[in-house]
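Asker: These are the residues of each chain, in order.
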Amino acid sequence: MSILVTPQTRVLVQGITGDFGGRHAKLSLDYGTQIVAGVTPGKGGQFFEHGTHKVPIFNTVADAVKATGATASAIFVPPPFAADAILEGADAGLALVVAITEGIPIRDMVRVKRALGGSKTRLVGPNCPGIVTPGTGPKSHGGCRIGIAPGYIHQKGHVGVVSRSGTLTYEAVYQLTVKNIGQSTCVGIGGDPVNGTSHLDVIKMFNDDPETWGMIMIGEIGGNAEVEAARWIKANCKKPVAGFIAGATAPAGRRMGHAGAIVGGAEDTAAAKIKVFQDCGIEVAVTPSDMADALIRAAQRLGAKLA
Amino acid sequence: MNIHEFQAKALFQKFGIAVPRGVPAKSRDEFAAAVQTLGNGPCVVKAQIHAGGRGKGTFVDGFKGGVKLAKTAEEAVEIAGRMLGNTLVTIQTGPAGRKVGTVYFNETVAIKKEYYLAVLLDRASSRPVIVASTEGGVEIEKVAHDTPEKIAKIFIDPAVGLQPYQARQVAFALGFTGEEFKAAVKLVDALYRCWWESDASMVEVNPLISTADNRVLALDAKVSFDDNALFRHPELKELRDLNEEDPKETEASKYDLNYIALDGNIACLVNGAGLAMSTMDIIKHFGGNPANFLDVGGGASKEQVTAAFKIILSDKNVKGILVNIFGGIMDCNIIATGIVAAAKETGLSIPLVVRLEGNNVEAGKKTLAESGLKLVSGDSMADAAQKIVKLVA
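Chains as they are written, first to last, in the working numbering: chain A, 95 to 401; chain B, 855 to 1247.
Derived by calculation from the structure, the hints in this document are not laboratory data.
Quick reminder that beta carbons are idealized off the backbone N, C-alpha and C, glycines included.
Worth double-checking, as some hints may not be accurate.
Only part of the chain A face toward chain B is listed, based on derived beta-carbon distances under 8 Å [claimed, not checked]: (1) I242; (2) S259; (3) Y264; (4) L294.
Some, not all, of what chain B presents toward chain A, calculated at C-beta under 7 Å [what the hints assert, rightly or not]: (5) G870; (6) D1053; (7) A1083; (8) N1112; (9) I1114; (10) A1127; (11) M1134.
Please build the complete structure, drawing on both the sequences and the hints.
Answerer: This is the structure:
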């Protein structure tokens, strides 16, 4: 199994006719993902064509869901319209909305998060690389790729990866694959201060997934989401967990690329988070090159299998 | 984006937040008229820089204090003359300090008591929070650490906004009564609207004061805006002061590069914010010192890499460069071609270590090897970091 999405998940793309959305819709189709619909207001009735694929475009998410049975969405629309796109996805009853868009105003996300309270729709992101559940084909072909991650670096297997950073996720996945350790699902939760799904939300799902045998949790400076997840792991999780925190050398008060990556006080520094990880029994990767090895150490300590 | 105190107070006034009367002046000829406007008597002279700790700061020529009380109009003009164009060093500016481009004259007020009041985002709950304390005029972090019971936090439901009972909760928590209570409730409500409607990431009043004549005023004002939302506030965007930014950072922003200058000597060029941060960390881990944070984004085009190299090389401390690209989607060979072109165009003469990984990496490495450039290839991040640290040592 996997979490959030399976190779059978039917995915629609909001913003499929834009450069960014179109490019990644094609890559997902090439990877074997079930991209069943596109949504661009005003372009309903047209088709998004790629090779032998002919994906119908709809004016609204509701129309797309009704016609295609899509249950998940990838959002690529520009920041001023992204909050609206998320709410439209939720209103259409999607189980999962993955917002890739970077640069959504925080106030918009505060309102979206409030509006999604009690809704059955799970939001992942925004400002995230998305989700990959690897497939069983060559270079993990046939999996579900929602977003912008490189699909081919994955390998089907039993390690879950959760991260606020895109390229750092790829780094971890690549290290695992090179060591012939596959992944169940890799989730980028995004680098914004207000996001739909937290580290802890994903860790709980991995913990409940019998096919996920170990996890890598990648975090960074700012906020206390990693700390919250680490404390939960200590109390509830028996699976091996490795962790990495970026930003040990970041100066206080500066936003390091991600809107959420900012040291405001003593508790959201890298050092403070690493200390909590250690106290909670999480094997800390000393450098980003050490992420897969750290997980192997954690598994050996518990006598657990990773592959 | 941060703004100056005088700009923040002008914004406050638009929302009906009471502030002491004040007049900013950007040149010496404006000083006398500014002091005249305030009644030609005693006034407070405040150097305008974005960093905090101004009162206890020292100018590079030895003149003490970025916030000073002048007993007469003449003295005010003289003090302002010492401040304007001078460089103020405070606990927050670093040793280089910041040049003062504006002096702000304020009426004197008889302070009865100082308080703290701020509106910001609470990340844990994803809701706005009002933070209030009876301990004003001091560092709020210190109050939070030493006497957390003296800090009140009121969380706002963004669906309905600040409710009147919550504004009263804040005013009660601060111990206001009578006329001052009414004024405080009004001010709290206005401050919240200011935060919400201008897409601020934080508005902070430290100190908020009550006066001998029972007024409640924002004596200081610190406002920063959410950069993501500036597109819908053109009037706020105009408040940006480029003199407060590192020129290298300003240049980088023109090319969609996310650059932050640091004080080390190993520059890095990376795609992705998390990877860029951890590249700095790994340089430090192996005994080097990063010169910057630089995220070129997902693409890393030739134009971007060339611009990035130029910006990196304009930092005279830089003795070597580490390029770390995980080309997930992009063809590594295209990235390698861009790196070679950028290195040649900028006449790169300092050590360059390149770590490329991802799509079509073998062709990319071949391009680098055959470029004729004196660059070193790194296999993993750790390998590349160790190599550049050794080359620069």
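Asker: Run every hint past the structure and note whether it holds.
Answerer: Hint check results:
Interface hint at A/I242: satisfied, since its Cβ lies 7 Å from the closest Cβ of chain B, which is below the 8 Å cut-off. The criterion of a C-beta within 8 Å of any C-beta in chain B is met by A/S259, whose closest approach is roughly 2 Å, and the hint holds. With a least beta-carbon distance of about 5 Å to chain B, the hint placing A/Y264 at the interface is held under the 8 Å criterion. Interface restraint check: A/L294 against chain B, minimum CB-CB distance 11 Å, threshold 8 Å, status violated.
This hint is violated: B/G870 has a C-beta 20 Å from the nearest C-beta of chain A, more than the 7 Å allowed. Using the Cβ-Cβ criterion of 7 Å, the hint placing B/D1053 at the interface with chain A is satisfied: the shortest such distance is roughly 5 Å. Look at B/A1083: its Cβ gets to within about 4 Å of chain A, closer than 7 Å, so that hint holds up. Given hint, B/N1112 at the interface with chain A, holds; its Cβ is 5 Å from that chain's nearest Cβ, closer than 7 Å.
With a cut of 7 Å, the hint placing B/I1114 at the interface with chain A holds, because the nearest CB-to-CB distance is about 6 Å. At its closest, the beta carbon of B/A1127 sits 3 Å from a beta carbon of chain A; the interface hint therefore holds under the 7 Å criterion. The beta carbon of B/M1134 is positioned within 7 Å of a beta carbon in chain A (closest approach about 4 Å), and the interface hint is therefore held.
The earlier numbered hints that this structure contradicts are 4 and 5.
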